[in-house]
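What follows is the residue order along each chain.
Protein chains: 2
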Amino acid sequence: MKIEFRQIGVIRTPFTRPEGMPIQPAGAAGVKGAVEVFEEYREGLKDLEGFSHVILIYRFHRSRGFDLQVTPFMDSELRGVFATRAPRRPNPIGLSVVRLDAVEGGVLRVRNVDILDGAPLLDIKPYVPEFDAPDDVRTGWLEPLRKTVGKRKADDRFA
Amino acid sequence: MKIEFRQIGVIRTPFTRPEGMPIQPAGAAGVKGAVEVFEEYREGLKDLEGFSHVILIYRFHRSRGFDLQVTPFMDSELRGVFATRAPRRPNPIGLSVVRLDAVEGGVLRVRNVDILDGAPLLDIKPYVPEFDAPDDVRTGWLEPLRKTVGKRKADDRFA
Numbered sequence: 005m006k007i008e009f010r011q012i013g014v015i016r017t018p019f020t021r022p023e024g025m026p027i028q029p030a031g032a033a034g035v036k037g038a039v040e041v042f043e044e045y046r047e048g049l050k051d052l053e054g055f056s057h058v059i060l061i062y063r064f065h066r067s068r069g070f071d072l073q074v075t076p077f078m079d080s081e082l083r084g085v086f087a088t089r090a091p092r093r094p095n096p097i098g099l100s101v102v103r104l105d106a107v108e109g110g111v112l113r114v115r116n117v118d119i120l121d122g123a124p125l126l127d128i129k130p131y132v133p134e135f136d137a138p139d140d141v142r143t144g145w146l147e148p149l150r151k152t153v154g155k156r157k158a159d160d161r162f163a
Numbered sequence: 005m006k007i008e009f010r011q012i013g014v015i016r017t018p019f020t021r022p023e024g025m026p027i028q029p030a031g032a033a034g035v036k037g038a039v040e041v042f043e044e045y046r047e048g049l050k051d052l053e054g055f056s057h058v059i060l061i062y063r064f065h066r067s068r069g070f071d072l073q074v075t076p077f078m079d080s081e082l083r084g085v086f087a088t089r090a091p092r093r094p095n096p097i098g099l100s101v102v103r104l105d106a107v108e109g110g111v112l113r114v115r116n117v118d119i120l121d122g123a124p125l126l127d128i129k130p131y132v133p134e135f136d137a138p139d140d141v142r143t144g145w146l147e148p149l150r151k152t153v154g155k156r157k158a159d160d161r162f163a
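Chains as they are written, first to last, in the working numbering: chain A, 5 to 163; chain B, 5 to 163.
Do not rely on the hints blindly, as some may be mistaken.
You can't tell identical chains apart in this list, so a pair holds if it fits in one copy or across any two.
With a straight-line cut-off of 20 Å between C-alpha atoms, the simulated DMTMM-like cross-links for lysine to aspartate or glutamate are [unchecked claim]:
| hint | residue 1 | residue 2 |
| --- | --- | --- |
| 1 | Lys-50 | Asp-121 |
| 2 | Lys-6 | Asp-139 |
| 3 | Lys-6 | Asp-79 |
| 4 | Lys-50 | Asp-105 |
| 5 | Lys-36 | Glu-47 |
| 6 | Lys-36 | Glu-53 |
| 7 | Lys-50 | Glu-108 |
| 8 | Lys-6 | Glu-53 |
| 9 | Lys-36 | Asp-71 |
None of these hints come from the bench; they were simulated from the model.
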């Protein structure tokens with residue numbers, strides 16, 4: 005079954021190629037970007053400026069095809085794609101929690117972006133710890149690696 | 005610009021109607037559900053069982069149309085839809101962080117589900133606090149309300 009969505013804006017960042025990108029917002033501390041929301045949807049941005057962080061949902065637009073098992077950037081073993089954040093997934097949907105610095109008309113000024121320039125925006129949601137941040141978390145194969153994510157960079161394996 | 009995705013599974017929950025549903029996983033503590041991943045994608049579930057929580061991305065399949073400003077369940081004022089988690093959005097994409105109890109073949113046993121039965125699954129991502137849970141969070145209009153989210157229920161306003 006096909007499901008159709010619409011592009012509602014575009015994400016601008018300093019990253020024009022996958023190689024050398026930070027792997028997650030944690031590795032993109034301070035990197036600034038802009039989320040340009042198309043005119044017709046801007047009325048929906050009201051009240052967003054009160055939130056310090058937003059969840060961006062977008063398309064991994066440089067991702068083509070997918071594998072069900074992949075070797076993630078942070079690892080050397082084959083992992084199920086749904087146990088990774090790799091962009092080559094059955095549905096190339098990206099999700100990043102970024103810091104919101106300001107809303108200027110139809111443009112969100114954001115920080116800590118780990119997103120490729122030009123990514124088509126699908127949705128913006130306010131980040132709310134009570135909804136989005138559970139306690140007592142275990143992170144499987146990432147457990148020994150996750151503290152070092154800020155130091156790692158992407159290569160071209162998913163380009 | 006239209007963007008096409010594919011359904012990769014279906015989410016089963018006790019909630020067959022929007023009315024009376026918990027508003028977020030925080031209000032659905034203990035509620036059990038199952039995520040049935042279609043046969044052809046099951047190989048991608050390898051290694052997922054090591055994670056205590058997963059991010060489900062799905063379609064709000066009972067949502068029709070959208071308004072750019074809405075009165076959320078938790079409030080009495082009109083808010084920009086992107087500053088809310090309301091299901092009637094330009095792209096009706098749902099996002100829930102749920103507890104993963106077990107992976108049994110192609111079925112994820114999950115807990116704390118705030119999702120309507122039959123929701124088409126689009127993606128599963130591992131929840132990783134270093135990626136997904138920032139510090140120093142402010143939550144705008146929700147600030148005075150968010151501690152009470154667990155006690156609130158949905159009504160039919162977005163049906």
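Verification of the supplied hints:
no. : hint              : in the structure
1   : Lys-50 to Asp-121 : neither (25 Å within a copy, 31 Å between copies)
2   : Lys-6 to Asp-139  : neither (35 Å within a copy, 37 Å between copies)
3   : Lys-6 to Asp-79   : neither (33 Å within a copy, 35 Å between copies)
4   : Lys-50 to Asp-105 : within (15 Å within a copy, 38 Å between copies)
5   : Lys-36 to Glu-47  : neither (24 Å within a copy, 37 Å between copies)
6   : Lys-36 to Glu-53  : within (17 Å within a copy, 35 Å between copies)
7   : Lys-50 to Glu-108 : within (11 Å within a copy, 43 Å between copies)
8   : Lys-6 to Glu-53   : neither (34 Å within a copy, 28 Å between copies)
9   : Lys-36 to Asp-71  : neither (31 Å within a copy, 30 Å between copies)
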